[in-house]
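So the sequence shown is numbered by full-length UniProt numbering: it starts at 1 and just counts up by one.
Any given hint could turn out to be false.
[Claimed, not checked] In silico DMTMM-like pairs for lysine to aspartate or glutamate, Cα to Cα no more than 20 Å straight-line: (1) Lys106 / Glu75; (2) Lys106 / Asp38; (3) Lys106 / Glu43; (4) Lys106 / Asp42; (5) Lys106 / Glu10; (6) Lys106 / Asp72.
[Said to hold, decoys possible] The following label-pair restraints were derived from C-beta to C-beta distances: (7) Asp112 / Glu26: 34 to 42 Å; (8) His53 / Glu19: 21 to 29 Å; (9) Gln40 / Arg65: 24 to 32 Å; (10) Asn8 / Trp52: 16 to 24 Å; (11) Asn77 / Ser25: 43 to 51 Å.
Treat the hints as calculated values from the structure; they're not laboratory data.
Built from N, CA and C at the ideal position, the CB exists for glycine as well.
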Amino acid sequence: MYSAVTRNIEVQVRPFYLEDRSDPSENRYVWGYQVTIDNQSDEFVQLLSRYWHITDGTGRVEEVRGAGVVGDQPELNPGDSYQYTSGCPLSTPSGIMVGHYTMRNKRGETFDVAIPAFSLDLPGTRRTVN
Numbered sequence: 001m002y003s004a005v006t007r008n009i010e011v012q013v014r015p016f017y018l019e020d021r022s023d024p025s026e027n028r029y030v031w032g033y034q035v036t037i038d039n040q041s042d043e044f045v046q047l048l049s050r051y052w053h054i055t056d057g058t059g060r061v062e063e064v065r066g067a068g069v070v071g072d073q074p075e076l077n078p079g080d081s082y083q084y085t086s087g088c089p090l091s092t093p094s095g096i097m098v099g100h101y102t103m104r105n106k107r108g109e110t111f112d113v114a115i116p117a118f119s120l121d122l123p124g125t126r127r128t129v130n
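The task is simple: from the sequences and hints, build the whole structure.
So, in structure tokens, the structure goes:
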């Protein structure tokens, strides 16, 4: 489990390899990741958008931006949690993902909440994420 806290909003990520959706002979490796966003702050927030910086095992970078997550822009009151699962295909057997969510509070202020860097590695292998 990987975790980061920004402004008392904790983001936890648990990646997992999807062997049944992967085909190493075709250089297709697929991971799922479960994200939990826990609003430990004393203010309402809404997740507006996401940004991902994905680096594969050869160093190739892909950036992904979009509204919300999995078609949703969740609203979290103090003490609320939101969880979703998504996926990431790579053409290499390892990679790293990191990013942020852009949130808005009731005052209309927007700010970024860090998504911790996490590694995507075949089962039985693991490298350190800096």
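Of the numbered hints stated earlier in the document, which are not met by this structure? Going through the list in order, the structure violates no hint and respects every one.
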